[in-house]
Amino acid sequence: MEQRANILIVDADQALGVALEQLLGSQGHLVQWCGTGQDALQRLANCTPDLMILDLQLPDLDGWHVYEQVGDLGDACPVVVATGRDLPEHAVTTLLNGPGDYLRKPAPVEDLATVAQRTLENSRLRKELACLRCQKGERFNQSAIIACSREMHQVLEMVQKVADSDASTVFIHGESGTGKELVARAIHYQSARADQPFMAINCAAVPSTLLESELLGHEKGAFTDAKNLKKGLFELADGGTVFLDEIGDMDPAMQAKLLRVLEERSFRRVGGTRDVCVDVRIVSATNRDLRKAMEDKSFRPDLYYRIGVIPIHLPPLRERRDDILPLAEFFIRQFNREFSKQVQGISRMAQKILLEYAWPGNIRELRNVIERAIILECEDQLLVENLPRELVSQSVEDNRGPLNFQLPPEGVDIEEVERELLRQALEMARGNQTQAAKLLHLGIDAFRYRMKKFGFL
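Under this note's numbering, read the sequence shown as residues 1110 to 1566, first letter to last.
Incorrect hints may have been included.
Restraint ranges, calculated between C-beta atoms of paired labels, are given here [stated by the list, open to error]:
(1) N1155 - R1213: 51 to 59 Å
(2) S1449 - N1311: 45 to 53 Å
(3) V1526 - Q1269: 46 to 54 Å
(4) V1127 - S1449: 25 to 33 Å
(5) H1174 - E1266: 50 to 58 Å
(6) L1265 - N1311: 21 to 29 Å
Treat the hints as calculated values from the structure; they're not laboratory data.
Even glycine gets a Cβ: it sits at the ideal position worked out from N, Cα and C.
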């Protein structure tokens, strides 16, 4: 069903106004007609319509005066100018490039209704696009990056400085899964380029034979399958940002062409003869050691020094342990919404295991672990038994060795200590008695005897 809109018709021709009012009303819209400019201005002062259909030839005012009063509302009230008056070319261009439209009268009432409906739809799409851009900006701004560690606070300070600058190249280095694209987006959406496109490509995922066409585009007929002209990412992102992920895997021949784009700010499409000029910020990222790549001749030194003017290093998760639990809690909230769960926290033992794990896959691995745990979790806390076995096993291995326990002066209840060790072993083994017995270096019969003794059976 079409969305119902409030439409104001301003036209001295009463017969046309009433006919248009009836037609648009039959389509579900709320329509009002008035025949003078003063009446229109009075109605505008009381309520802003979703669309105005305006004839410039009014009996009391110049229609342009009414149009100018509405002009500041922009997309809030697009105007369809329908008039028999001859308009200068620049005025028609202004109308067609704005949120409204232009129609030459005389015109059938059905044509006016069609233009009105099209303008309403365009206005709706503009509003949705503006809303999506706003949501993206909020999603990828600095506050969306979890940073409790000193190391990440330093990264965010650099992100803000780069976003505020006119730097045309930025280089992000970090292990796989550390959030390089998230940082690249944060730079874009906090910069003056935020309203322009952000285009991303993984250089390792695109065959070298196709990467040039993806980045630079191609002309019609440039090669066998080039049936139409295609704009590349640099051209599509003009005014915005291009994110080149895994640039360390780029083919040397493409590296030379990228260097020319960086230095000349122009390029030629594949098969083209004309230079295309662009204004883009290029953010590159890799998990490879590019200095080593330069030594083995797989990466051009001149390109490295060109993209590396402003380097940002993202530390691995094992070097920013203060961020592990805040990130885990963030993912719990995210997957609670996605899977309609009510997990409110992480058990003390599960926290210990998360903090002690090395996280070779970094934030991406942590996210996957929490997603799995939330899917399996039926309690109000994330427990050890819902963590992958490799996390628990590493924690056990890391904690084996001589005990470093100091008996307090007031002494302890040894049976309470034994009970707690039994409970922890069962939790870490996810209730598997054989595995729990191994953790305590007990035979299964001795373990079960203690379980009965302390009421676990």
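Quick rundown of the hints versus the structure:
1. N1155 - R1213: 51 to 59 Å: violated, 31 Å
2. S1449 - N1311: 45 to 53 Å: Violated, at about 33 Å.
3. V1526 - Q1269: 46 to 54 Å: holds, 51 Å
4. V1127 - S1449: 25 to 33 Å: violated, 52 Å
5. H1174 - E1266: 50 to 58 Å: For E1266 against H1174, whose Cβ atoms are near 52 Å apart, the range 50 to 58 Å holds.
6. L1265 - N1311: 21 to 29 Å: Given a distance of about 24 Å, which is inside 21 to 29 Å, the answer is holds.
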